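Its first residue numbered 290, the sequence shown is counted upward by one per residue in our numbering.
No lab work stands behind these hints, which were simulated from the structure alone.
Values in this document were obtained by computation on a predicted structure and should not be read as measured data.
Positions of the beta carbon are idealized from the N, C-alpha and C atoms, including for glycine.
Errors might be hidden in some of the hints.
Cβ pair distances, simulated, as ranges [what the hints assert, rightly or not]:
| hint | residue 1 | residue 2 | range |
| --- | --- | --- | --- |
| 1 | R799 | K844 | 24 to 34 Å |
| 2 | N775 | P574 | 40 to 50 Å |
| 3 | L753 | K822 | 43 to 53 Å |
| 4 | G632 | Y787 | 45 to 55 Å |
| 5 | A345 | P503 | 29 to 39 Å |
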Amino acid sequence: MKRTLLVFALLLLTITGFACTNLIVTRGASTDGSVMVTYAADSHIRYGTLVHYPAAKYKTGTMLPIYQWGRERYLGTIPQADETYNVIGNMNEHQLIIGESTWGGLEELRDPDAILDYGSLMYITLQRTRTAREAIALYTSLADQYGYASSGESLSIADKNEAWILEIIARKPEVVNGVNTRKGAVWVAIRIPDGHISAHANCARITTFPLDDPDNCLYSPDVISHARELGLFNGKDEDFSFADTYCPLDFGAMRGCEARVWSFFYKHGAEDMSKYIDHASGHNPENRLPLSVKAKHKLSVTMVADMMRDHFEDTPFDMRNDIGAGGNTLPYRWRPMSFEIDGEEYINERAIATQQTGFWFVGQARNWLPDEIGGIFWFAVDDAGTSPLTPVYSSSTGISEHYALGNGSMIEYSPTSMFWLTNRIAQFAYLRYDEIGAEVVAAVRAHEHEMVEKIASADAQALLLHKKSPRRVVKYLTSFSINEANALFEKWNKFDKYLLVKYIDGNTKRQDESGAFITNGHSATIPSAPIQKGYNERFKRAIVNEIGEKIRVVK
Numbered sequence: 290m291k292r293t294l295l296v297f298a299l300l301l302l303t304i305t306g307f308a309c310t311n312l313i314v315t316r317g318a319s320t321d322g323s324v325m326v327t328y329a330a331d332s333h334i335r336y337g338t339l340v341h342y343p344a345a346k347y348k349t350g351t352m353l354p355i356y357q358w359g360r361e362r363y364l365g366t367i368p369q370a371d372e373t374y375n376v377i378g379n380m381n382e383h384q385l386i387i388g389e390s391t392w393g394g395l396e397e398l399r400d401p402d403a404i405l406d407y408g409s410l411m412y413i414t415l416q417r418t419r420t421a422r423e424a425i426a427l428y429t430s431l432a433d434q435y436g437y438a439s440s441g442e443s444l445s446i447a448d449k450n451e452a453w454i455l456e457i458i459a460r461k462p463e464v465v466n467g468v469n470t471r472k473g474a475v476w477v478a479i480r481i482p483d484g485h486i487s488a489h490a491n492c493a494r495i496t497t498f499p500l501d502d503p504d505n506c507l508y509s510p511d512v513i514s515h516a517r518e519l520g521l522f523n524g525k526d527e528d529f530s531f532a533d534t535y536c537p538l539d540f541g542a543m544r545g546c547e548a549r550v551w552s553f554f555y556k557h558g559a560e561d562m563s564k565y566i567d568h569a570s571g572h573n574p575e576n577r578l579p580l581s582v583k584a585k586h587k588l589s590v591t592m593v594a595d596m597m598r599d600h601f602e603d604t605p606f607d608m609r610n611d612i613g614a615g616g617n618t619l620p621y622r623w624r625p626m627s628f629e630i631d632g633e634e635y636i637n638e639r640a641i642a643t644q645q646t647g648f649w650f651v652g653q654a655r656n657w658l659p660d661e662i663g664g665i666f667w668f669a670v671d672d673a674g675t676s677p678l679t680p681v682y683s684s685s686t687g688i689s690e691h692y693a694l695g696n697g698s699m700i701e702y703s704p705t706s707m708f709w710l711t712n713r714i715a716q717f718a719y720l721r722y723d724e725i726g727a728e729v730v731a732a733v734r735a736h737e738h739e740m741v742e743k744i745a746s747a748d749a750q751a752l753l754l755h756k757k758s759p760r761r762v763v764k765y766l767t768s769f770s771i772n773e774a775n776a777l778f779e780k781w782n783k784f785d786k787y788l789l790v791k792y793i794d795g796n797t798k799r800q801d802e803s804g805a806f807i808t809n810g811h812s813a814t815i816p817s818a819p820i821q822k823g824y825n826e827r828f829k830r831a832i833v834n835e836i837g838e839k840i841r842v843v844k
């Protein structure tokens with residue numbers, strides 16, 4: 290019981306703190322044969338920026354200082370590699386993509402003296418490896434060598450040919466004479482079958498796994514024996530479940546985490562997911578979701594982006610369809626996640642799209658193109674529901690200043706920061722989501738469809754240049770990526786002002802077919818009487834039920 294409550298507390302901390310969602314689409318499940326991985330870095334304290342690690346060469350003996358990702362706490366140093374690759378966000382020049390979600394796990398499986406946390410490991414791995422299998426090997430070996438300074442994690446690791454989920458948690462420390470003699474981590478990695486889609490969202494997903502199939506499954510030698518040693522498992526090896534052992538499920542994990550995976554499978558999986566509704570609802574831990582499902586149709590990059598905007602629309606958890614959505618159908622719930630009324634505890638829905646996202650992406654790896662052209666890192670900052678993706682080729686040697694580290698922070702507003710601009714629009718959209726939010730989402734989708742067409746043209750031009758000089762290709766694609774990001778900032782700046790003018794004070798100005806505001810017929814600066822939509826029927830009825838007699842009109 291104590292263990293279950295501990296895990297529940299850790300999961301609630303994860304949900305309200307660093308709670309992230311990853312979607313995975315294999316080559317056979319995508320419209321163009323690309324591998325896609327998404328990631329939303331959800332945190333109430335994370336500032337959204339696009340990091341860039343240029344390719345570099347280092348002298349032997351150079352040391353790399355390690356700071357805990359997201360907190361900047363100094364952890365120690367490790368030797369720097371002789372050579373590193375170019376990294377744009379969470380994707381490198383060889384089209385390797387890495388994302389993550391934290392699930393916490395058992396508190397005793399923490400190493401307070403470890404040097405490498407999961408975030409540092411992600412970016413070090415991106416700088417030093419070319420393929421998913423290389424990345425798994427390096428990530429886990431570095432954790433063993435220097436200690437794993439994080440709690441339980443699930444990682445999406447994909448390249449241009451295949452996609453994997455790696456799940457990892459620190460070994461329980463054993464200190465002898467002041468030294469931890471059992472540092473490192475236990476882990477298991479599963480390759481997602483081609484034609485399948487998968488996801489993870491702050492919950493370990495790998496249960497039982499094959500013990501003799503290295504083409505599709507890799508694991509630490511002591512992943513089972515360590516669990517036996519700690520008294521967590523005593524069955525047959527083939528019955529060992531990583532997730533059930535190191536991250537057992539409870540109501541919060543299923544409803545707040547697994548439900549997000551369920552929604553992706555429900556909308557895009559070939560399998561009937563209605564049979565798992567009791568699991569997604571938080572009531573049946575035995576009825577676990579599969580690790581992956583075959584896609585019922587092929588997914589495009591815009592379809593995947595739209596899934597990252599999911600608020601459980603058209604499912605039993607649809608966040609628009611209860612009084613919590615307020616008078617303007619808002620598919621968001623403000624934190625904390627849970628609340629108590631008359632001694633009973635309740636929980637808000639936690640969808641894929643959430644207000645506290647720092648940044649999110651769709652990484653797209655395309656194996657039919659040279660690496661200089663094939664990798665596209667579709668990137669956005671703030672809530673996926675209201676923010677537009679900009680395409681950045683992963684070979685780019687520079688990024689737009691509007692997305693750069695140092696341009697503003699969570700406690701410092703910057704008028705040239707895309708993070709603050711998208712937040713301005715999102716905060717306004719939350720006020721009247723049925724009107725303002727709908728217009729924002731429509732604009733986001735129109736922009737992304739336009740970018741898909743521009744990418745096709747850029748690809749064609751880049752292929753022509755590649756025949757002459759790969760270096761010229763990189764220069765061209767860097768300029769393309771920066772110019773498009775800058776253009777998006779200017780477009781969104783105008784959009785921000787337009788929304789304020791149109792929707793000020795709870796009104797909606799009337800527009801003609803061209804989009805121009807309709808005037809009163811006498812002055813070019815005075816609008817006609819505005820539309821006043823008010824609140825939806827459910828909310829009005831709730832008001833009447835609460836204070837109807839006080840506000841009823843007496844005839």
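**OP:** Starting from the hint list further up, note which numbers the structure goes against and sort them upward.
**Re:** Result: no hint breaks.
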